[in-house]
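Engineer: What follows is the residue order along each chain.
There are 2 protein chains.
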Amino acid sequence: MRGSVWRKAKSVKEASAVLYNSSSKKKDALLKAIVSQILGHIPSILEANKKDLNAAAAAGLSEVLTDRLTLTEKRIEQMVGGVNDIIKLPDPVGKVVDKTKRPNGLLIEKMRVPLGAVGIIYESRPNVTVDAAALCLKSGNAVLLRGGSEAINTNKRLVALIRQALNDVGLPPGCVEFIDSTDRGAVLEMLKQDAYLDVVIPRGSQQLIRFIQTNSTVPVIAHGEGNCHVYVDRSADLSMAEEIIFNAKVQRPSVCNAAEKLLVHESIASEFLPRACRRLKEAGVEIRGDKETLALVDGAVLATDSDWSKEFLDLIIAVKVIKNLEDAIQHINRYGSHHSDAIVTRNTKNGERFLREVDSAAVYVNASTRFTDGFEFGLGAEIGISTQKLHARGPMGLEELTSTKYVVHGKGQVRK
Amino acid sequence: MRGSVWRKAKSVKEASAVLYNSSSKKKDALLKAIVSQILGHIPSILEANKKDLNAAAAAGLSEVLTDRLTLTEKRIEQMVGGVNDIIKLPDPVGKVVDKTKRPNGLLIEKMRVPLGAVGIIYESRPNVTVDAAALCLKSGNAVLLRGGSEAINTNKRLVALIRQALNDVGLPPGCVEFIDSTDRGAVLEMLKQDAYLDVVIPRGSQQLIRFIQTNSTVPVIAHGEGNCHVYVDRSADLSMAEEIIFNAKVQRPSVCNAAEKLLVHESIASEFLPRACRRLKEAGVEIRGDKETLALVDGAVLATDSDWSKEFLDLIIAVKVIKNLEDAIQHINRYGSHHSDAIVTRNTKNGERFLREVDSAAVYVNASTRFTDGFEFGLGAEIGISTQKLHARGPMGLEELTSTKYVVHGKGQVRK
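So the protein sequences, as listed, match chains A and B. Just so it is clear: in the first sequence, position 133 is 133 by the numbering used here, and no numbers are missing. In the numbering used here, each residue carries its 1-based index in the second sequence increased by 1000.
Please note: incorrect hints may appear among the correct ones.
What the hints assert, rightly or not - As a list, the in silico DSSO-like pairs of lysine-lysine whose alpha-carbon atoms are at most 30 angstroms apart:
no., chain 1, residue 1, chain 2, residue 2
1, A, Lys95, A, Lys13
2, B, Lys1088, A, Lys416
3, B, Lys1095, B, Lys1349
4, B, Lys1074, B, Lys1051
5, B, Lys1110, A, Lys101
6, B, Lys1099, A, Lys25
7, A, Lys101, B, Lys1411
8, B, Lys1095, A, Lys416
9, B, Lys1051, A, Lys99
10, A, Lys416, B, Lys1310
To be verified - Derived list of chain B stretches under chain A, where covered just means 3 residues or more per stretch with a C-beta under 8 angstroms from a C-beta of chain A:
no., region
11, 1153-1166
12, 1353-1367
Think of the hints as simulated: they come from the structure by calculation, not from any bench. This one's a predicted model, so the numbers in the text were calculated from it and none came from an experiment. Yeah, the Cβ is synthetic: ideal placement off N, Cα and C, and Gly gets one too.
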């Protein structure tokens, strides 16, 4: 097994040299071939998925995880639609992002190039296999995939079809390699392939990401958790605030950009909290509050210290009454996960101060945190949402899957 | 000692929150105060430096390293000049690098913000202490410095003066912390402070950098070695090629952008190599060649296999006769360190192919590799030269010491 991970990483590195110089036309032809292969083999994909679902049932996998694992004809078509969307996006490779002519006549351009060999580590959703491969290939990167064990049969089938497509257009199979060992030793081995991999992008639980950051000698772009806040300022439009917190908490509670915390200025707490929390409770949300909140909201339970830094990913919200804007900013910077945080206010100065001082990947004034997303931000695609500060922060699209190089044109210049 | 590293990293993180929101005016006032403190205390700096030099003499430190360690009044003035140059540079923080208005009315801006808490690990030169601190502070970052043990007294004195300057302008001392323990355990401890440090930037030997990459749980921006190539194509202007290889090899052989390899197209080798190598030999350069080179160049010795991947940092060059452009590109991508590589050619098509296919931080046509440098590239400053692909590649200036955040203005938008 160990030998196999090493060999696959090497194969990806070698194939990356071919992709590095492949034209946009060639890469789009490949994505089209992937679409054809998948659409031409829906029954066999569903059959492989059925195997995974049977194993999941036997293992007693939770309903949520089983749903993530499940493919249907419609979901396969959505997956293929995603690839078609990526085909339409402009190729970032070769784009000159900066250009300067120096006094000595040197023309210096900064040009986007592929990262090279990308490792993706993800959990249960099999659509990530196709999605991540398509994004990496379009941006000229070869990719080593390592999906969750629950989806192993589905993933193997999808990768076989992608590799058939590589063959169809005459690109090496190493452009997409898949680690079919499901034990954690294989991940550990993958994390030591710094001779071959340029970056590893983990998508999954905080625990998985922590494991990867601790053990990887390959640079990591972490997609961490979202402990997102909505702060309702004293001057907020309270109806707007109610809509925003309801949307941020309830519309899709299982995702990283859902709100987990509600902070409310003390001067409007007695007016705002009862009505906002009533609506949240009607939608099934459990309210955990500080003492001030408990005095205002029926049925709220006392929040524990650890609740303030927790990502619930569920219909739970922790609510705190706050003295002023400064305390709100401090609370968010201290307990938050630096993902997405919003203020609701009619005071422009307060809004600007919040935007400036809250140190998160995305900061909002008067909008739901749920917009932190590659599609919503207009990137046209998304490989994930980075919560670290290096290389890419926030939603990552095709450009974030590239590096740059300096391209210098001279006429014989030498250094004095 | 362990406790001390941890406490200093925490102190830097806390101070970074203050710097994050400090105005350009405040930061420039700080840099001016640093200039004043240093200029006002030259004798005590030289005294501290004298201690280090005495210890170096007693330990039998090499001439090169002793020279790097040595401060003089003139060198201190140059150091201060560097800080004055940084004051004049525009503050990258707050700059909007991208802006989009979405169909739903959301205004999304991508804005430069400080990285936060930066760790710098460097070796003998004490000027790096002031230089790195000034660059980090100007870009709004607090910094944890760990310099080489040889310069410990000089560094401590310089840091004391910087911290006096912080006090003068009313910024917390944690903006610049210095690890005064000289053992490697302190570095190891620093590399585990991912709770506090946002990035570690190592500058030094390949061995040091490898140690850091292997052991760090903090993201690293590696400043690796430069095994740089000059390839002389069949259509090259041979006089130009001679000037370029002479400059790239001889002008400053101890730096990472100096050429270590000369590749020559076989059709011009017999004309070019004798004259180019004669001149190199006259400058004291040792020629290590393949068999074809040995037949053409008097006094050349046979290159070993390992020579092709070696960074000599000395008056040594390895020379190889190459069949064609494709082989040259393959050789460079295989044996090079992806730092800086040049082609000399009059054939535009060959030049463009080389620029496109050589996967290095800087690629040149008809110019010396010695230009890979923050000042030569017009960045106005340089914290180092990154040889990795994530975040920053090539010379790193102030902008490369920043991250971004998405700043979103809404009017009550919620996700559908």
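Engineer: Taking the hints in turn, state whether each one holds.
Structural biologist: Hints versus structure:
For the hint linking A:Lys95 to A:Lys13, the alpha-carbon distance of about 23 angstroms falls within 30 angstroms, and the restraint holds. Using a Cα cut-off of 30 angstroms, the hinted pair B:Lys1088 and A:Lys416 holds, with the two alpha carbons roughly 24 angstroms apart. Note on B:Lys1095 and B:Lys1349: the hinted pairing is violated, with a Cα-Cα distance of about 38 angstroms set against a maximum of 30 angstroms. In summary, the hint linking B:Lys1074 to B:Lys1051 is supported, as the alpha carbons are separated by about 19 angstroms, within the 30 angstroms threshold.
For the given pair, B:Lys1110 sits about 26 angstroms from A:Lys101 by alpha-carbon distance, which is consistent with the 30 angstroms threshold. The straight-line distance between the Cα atoms of B:Lys1099 and A:Lys25 is roughly 29 angstroms, inside the 30 angstroms bound, and the hint therefore holds. For the suggested pair A:Lys101 and B:Lys1411, the alpha carbons sit about 43 angstroms apart, so the restraint of at most 30 angstroms is broken. Between B:Lys1095 and A:Lys416 the alpha-carbon distance is near 34 angstroms, which puts this suggested pair outside the 30 angstroms criterion.
Among the hinted pairs, B:Lys1051 with A:Lys99 is inconsistent with the structure: their alpha-carbon atoms are about 46 angstroms apart, more than 30 angstroms. Among the hinted pairs, A:Lys416 with B:Lys1310 is consistent with the structure: their alpha-carbon atoms are about 26 angstroms apart, no more than 30 angstroms. Counting residues of the region 1153-1166 of chain B whose C-beta sits closer than 8 angstroms to any C-beta of chain A gives 0, which falls short of three, so the coverage hint is violated. Interface restraint, the region 1353-1367 of chain B with chain A: holds (12 residues with C-beta to C-beta distance below 8 angstroms; minimum three).
Violated hints, in rising order: 3, 7, 8, 9 and 11; the structure is consistent with all others.
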